[in-house]
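Trainee: Sequences listed follow chains A and B, in order. Quick note on numbering: numbering that gives the first Met the number 0 labels position 23 of the first sequence as 22, and the sequence is numbered without any gaps. Quick note on numbering: numbering that gives the first Met the number 0 labels position 483 of the second sequence as 482, and the sequence is numbered without any gaps.
Treat each hint with caution, since some may be false.
[Unchecked claim] A short, non-exhaustive set of chain B residues, derived as facing chain A with CB atoms under 8 Å:
1. Leu372
2. Leu375
3. Glu378
4. Lys619
5. Glu621
6. Leu708
7. Gly716
8. Gly725
I should point out that these hints are in silico values taken from the structure, not numbers from a laboratory. For each residue, glycine too, the CB sits at the ideal point set by N, CA and C.
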Amino acid sequence: MAAFTQQVVVVKLGNEEYGFDIGNVQEIKEVVPVTRVPGAPAHILGVFNLRGRIVPLVDLAELLQLRKVRGPAGRAAPAVTDAEAPVAAGAERRIVVVEGDGHSAGFLVDGVRETLVFSSSQVEWVGETAANLGGFAAGAAGAAGAAAAAGAAPGGLALTDDAAGASSSAGSSGALVRGVIKHQGRMILWLDASLLVGQA
Amino acid sequence: MSTSEYLGVFLDESREHLQAMNDGLLALESDPGSRDALDNVFRAAHTLKGMSATMGFQEMAELTHRLETILDEFRSGQAAPDRPVMDLLFKSVDRLEAMIQAIAGGEPEPEAKDLLEALQQLGQAKQDGVPPPDAGGAGAGSRSGAGAVGGAVGGPAGSAAGQPEQSGQEWPGLNEYDQAVIAEARARGYQACRIHIRLVEDCLLKSARVYLIMRALEGLGEVIKAVPPVEELEEERFDRDFELVLLTKHPVADVEQALDKLTEIQRRDIQVLQPPQEPGAGTATPPGAAARGTGKPGQQGAGAAARSGAGAGAGPGSPAGASGSISGAAQAAASEAAHPPGPANGAAGTHSNASLSHARQTVRVEIGKLDILMNLVGELVINRSRLSQLTMNLQASGVQESVEELARITSELQSVVMKARMVPIDHVFQRFPRMMRDLSHALGKQIDFVVEGGDTELDRTVVDEIGDPLVHLLRNAVDHGIEPPEARVAAGKPAVGRVRLSARHEGNQVLIELSDDGRGLDLEKIRRRAVERGVVSAQEAAELTEHDLVEMLFQPGFSTSDQVTDVSGRGVGLDVVRSKVTALNGSVDVRFNPGKGTTFMIKLPLTLAIIQALLVGLGKSEIYAIPLENIDEIIHVSEEQIQTVRGREHLLFRDQAIPVIRLARRFKTPDALEGGGKRSLVIVRSGRRRVGLMVDRLIGQQEIVIKPLEGVLHNSGGFVGATILGDGTVALILDVLRLRE
Numbered sequence: 000m001a002a003f004t005q006q007v008v009v010v011k012l013g014n015e016e017y018g019f020d021i022g023n024v025q026e027i028k029e030v031v032p033v034t035r036v037p038g039a040p041a042h043i044l045g046v047f048n049l050r051g052r053i054v055p056l057v058d059l060a061e062l063l064q065l066r067k068v069r070g071p072a073g074r075a076a077p078a079v080t081d082a083e084a085p086v087a088a089g090a091e092r093r094i095v096v097v098e099g100d101g102h103s104a105g106f107l108v109d110g111v112r113e114t115l116v117f118s119s120s121q122v123e124w125v126g127e128t129a130a131n132l133g134g135f136a137a138g139a140a141g142a143a144g145a146a147a148a149a150g151a152a153p154g155g156l157a158l159t160d161d162a163a164g165a166s167s168s169a170g171s172s173g174a175l176v177r178g179v180i181k182h183q184g185r186m187i188l189w190l191d192a193s194l195l196v197g198q199a
Numbered sequence: 000m001s002t003s004e005y006l007g008v009f010l011d012e013s014r015e016h017l018q019a020m021n022d023g024l025l026a027l028e029s030d031p032g033s034r035d036a037l038d039n040v041f042r043a044a045h046t047l048k049g050m051s052a053t054m055g056f057q058e059m060a061e062l063t064h065r066l067e068t069i070l071d072e073f074r075s076g077q078a079a080p081d082r083p084v085m086d087l088l089f090k091s092v093d094r095l096e097a098m099i100q101a102i103a104g105g106e107p108e109p110e111a112k113d114l115l116e117a118l119q120q121l122g123q124a125k126q127d128g129v130p131p132p133d134a135g136g137a138g139a140g141s142r143s144g145a146g147a148v149g150g151a152v153g154g155p156a157g158s159a160a161g162q163p164e165q166s167g168q169e170w171p172g173l174n175e176y177d178q179a180v181i182a183e184a185r186a187r188g189y190q191a192c193r194i195h196i197r198l199v200e201d202c203l204l205k206s207a208r209v210y211l212i213m214r215a216l217e218g219l220g221e222v223i224k225a226v227p228p229v230e231e232l233e234e235e236r237f238d239r240d241f242e243l244v245l246l247t248k249h250p251v252a253d254v255e256q257a258l259d260k261l262t263e264i265q266r267r268d269i270q271v272l273q274p275p276q277e278p279g280a281g282t283a284t285p286p287g288a289a290a291r292g293t294g295k296p297g298q299q300g301a302g303a304a305a306r307s308g309a310g311a312g313a314g315p316g317s318p319a320g321a322s323g324s325i326s327g328a329a330q331a332a333a334s335e336a337a338h339p340p341g342p343a344n345g346a347a348g349t350h351s352n353a354s355l356s357h358a359r360q361t362v363r364v365e366i367g368k369l370d371i372l373m374n375l376v377g378e379l380v381i382n383r384s385r386l387s388q389l390t391m392n393l394q395a396s397g398v399q400e401s402v403e404e405l406a407r408i409t410s411e412l413q414s415v416v417m418k419a420r421m422v423p424i425d426h427v428f429q430r431f432p433r434m435m436r437d438l439s440h441a442l443g444k445q446i447d448f449v450v451e452g453g454d455t456e457l458d459r460t461v462v463d464e465i466g467d468p469l470v471h472l473l474r475n476a477v478d479h480g481i482e483p484p485e486a487r488v489a490a491g492k493p494a495v496g497r498v499r500l501s502a503r504h505e506g507n508q509v510l511i512e513l514s515d516d517g518r519g520l521d522l523e524k525i526r527r528r529a530v531e532r533g534v535v536s537a538q539e540a541a542e543l544t545e546h547d548l549v550e551m552l553f554q555p556g557f558s559t560s561d562q563v564t565d566v567s568g569r570g571v572g573l574d575v576v577r578s579k580v581t582a583l584n585g586s587v588d589v590r591f592n593p594g595k596g597t598t599f600m601i602k603l604p605l606t607l608a609i610i611q612a613l614l615v616g617l618g619k620s621e622i623y624a625i626p627l628e629n630i631d632e633i634i635h636v637s638e639e640q641i642q643t644v645r646g647r648e649h650l651l652f653r654d655q656a657i658p659v660i661r662l663a664r665r666f667k668t669p670d671a672l673e674g675g676g677k678r679s680l681v682i683v684r685s686g687r688r689r690v691g692l693m694v695d696r697l698i699g700q701q702e703i704v705i706k707p708l709e710g711v712l713h714n715s716g717g718f719v720g721a722t723i724l725g726d727g728t729v730a731l732i733l734d735v736l737r738l739r740e
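Given these sequences and hints, build the entire structure.
Mentor: Written out as structure tokens, the structure is:
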């Protein structure tokens, strides 16, 4: 793949960091009340009013199956009950409105950190070396490298903590993550914004 | 300028002209002597020819040219519009439609060789010895396409082809129709002024300037023509100059004065048009106008002038025409040098012909843009309510007043935007006369088809959807309803059957009625058919009421037709009609009179975007909307009245067991109200069933704007959409038709 630089909006989810392509991010909002939609998939918290449009709000942690990272999602104003990241993120919680394929969805995150420019050389792609990254292995490149994951991804990645949960979700969540951006010792999971919106 | 920019305009306008041809041909068929109808068809064909040649669609240009030739023979009396010719003409229009369709889809033009040959044979049979239309084709094509070139060379067009072009020469740029209008106005004491406006060089909002000028002039009389046409003026598709023709009773000085009050006009020339000479009177120079016209800028005028000049040059018949052509061609060349004619010339120039009778000022707007506008206005309304709530207790002077003013303005804005989405139902109706003609010919029935209320307006989305159901019903009327002529005469009715389609507003709804004076519904036949189909037993059938029997007709796969024809009787029909209309929040009813006829009544909401709804509350905070359209009534029941039947909760209501759905339980609402006491039950109609929906609170009736749910929630079932409430929160709208017990 040709070399490139790209800019992402880095958000927090529990103690992990995720990046949305900045081109897909429409806006970042304070948390607003949502209307629950009975019968909707579990990761959809409801719908809210975005200047006259009805936009779904997605529980990103639920979609990525990060129950272990973030506690069970509450409705409308979910609370963080993550033991590993006891810092209550309530006040920093935001809705990232992302656009893709002609429609938009809001994603509930625990905080927005920064925008970050990175180059392709900083990326470990899912399916290449990043195949070794815990739960994503199954979705992208088979489970072979999963055992080595712990070594390749020390500390930060909590994905391997719940092996069963991770592998069952890997099919979807693996595809939703393009790779890992390594930046000054941090690891930021780079999300595929269009695919994410497709889930909402 | 690339032609692709104009493709959209070309397609739109071509469709309009094809419609005009269809209408005109139908009128011509019913009244072969109608000069008006013939002129209308001819004009449309001529325009299409010019447009298609300009856009480079050769096959289309060729076909329209041949059509034009035939039509011209009608005009000159060399041919008569008899049945085979008319059929051929209709077929050609259909082919043209197919061509437009193909061009719109990015496909190559379909060939029209067969029709071209048939048309040519027709021409040869009718007039031997006249140059074959081919030669005329080349001449005509270049005339309308390249304008001045054809004129200068003088194409070898036949006398027939040359003739219609002549008429424009008395006043360059004005066609026969314009002149007729002017002549008529003159008879009523109006005078016609040609007004040439040049705006200052740095004029910023040209369209606004045009608007002001138009308004000023319309205060004095009627603007019957604009060159370039009004549409282009409004879209600022002109440089600095344009021309208007004004019919007024005021002296020229008044017009000058009115214009001089406006700014940013660099130059204005007003010239009173003198009565035209009788065609063929032999005046060498067209009076005044042509001479003045030399300086006339504007591509449009140039194109039109070039065409008229060329036509005259080609027509060897009259010397007057020849001399006219010289000035015409020269003038065209002159203005062409200044303004290279754009490809849109042909298209735009003729558009004004069709609509100039009352130069309507319109702009085509994408429906998507109106949707966005509507959305924003909705938001504005919500914020306005919030604002008035917030300021309720404010003492500051003026705040209340200005909020009230804001409220008035937003309400008005909302209604204007709503209206902008409305289109006349003629958009659908206009294609029916042609369809009915073909149907009656195919089935050997004679039909007088009457359309009324075509100007009834309703929401664009509704108009788009209602076409198919109406086609079904019209086909039914012709096929099943109207009897063959002999049978009608035997029954003491006129041989010609009558089918009437009408639309009108009725309160917040539009009522479409489709009636025929045919045989009506045969209830016994429906009864028999129901038994044959095994829908009911013979015994049950005997007990079916009239209402039940009519309802049968709306069941899938039910047809009373004895044989399947090309037209209907395949068992798809009324059920499709009903489901389509129901999907539009409308209803279908039938009234009939055995032996005398059947009437279908379709009620439709004016718009899909706004409905009346009942807001209900579940639990402590959840609010849902139920379309009022679906609600029969609201009752209060005690828990004891609800009994289970085979494990499902039912209520005996007016001797009918209706299922009860506890919405809060169904929706797993947190903190739902439980326990005894009186409960509110909303009785809704879900298809043919009735269902009681138990809610925790009744909030009230409200007009709501329906908004779609996007993504995976769309079509997730249970909800037709959502709406935004006064406080900015979202309430879901129940899909009553898809509620499951």
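Trainee: So, for every hint listed, does it hold in this structure?
Mentor: Cross-check of the supplied hints:
At a threshold of 8 Å, the smallest CB-CB gap from Leu372/B to chain A is about 11 Å, leaving the interface hint violated. Against a cut-off of 8 Å between C-beta atoms, the interface hint on Leu375/B holds, since the closest Cβ of chain A lies about 6 Å away. Residue-level restraint check for Glu378/B holds (minimum Cβ-Cβ distance to chain A is 4 Å; threshold 8 Å). Interface restraint check for Lys619/B: the shortest CB-CB distance to chain A comes to about 12 Å, outside 8 Å, so the restraint is violated.
A hinted interface residue such as Glu621/B counts as satisfied when its beta carbon comes closer than 8 Å to some beta carbon of chain A; here the least separation is about 7 Å, so the hint holds. Satisfaction of the interface hint for Leu708/B is found here, the shortest Cβ-Cβ separation to chain A being roughly 6 Å, below the 8 Å cut-off. The restraint placing Gly716/B at the interface with chain A holds, with a minimum CB-CB distance near 7 Å, inside the 8 Å limit. Given hint, Gly725/B at the interface with chain A, is violated; its Cβ is 12 Å from that chain's nearest Cβ, farther than 8 Å.
Checked against the numbered hints above, the structure violates hints 1, 4, 8; every other hint is satisfied.
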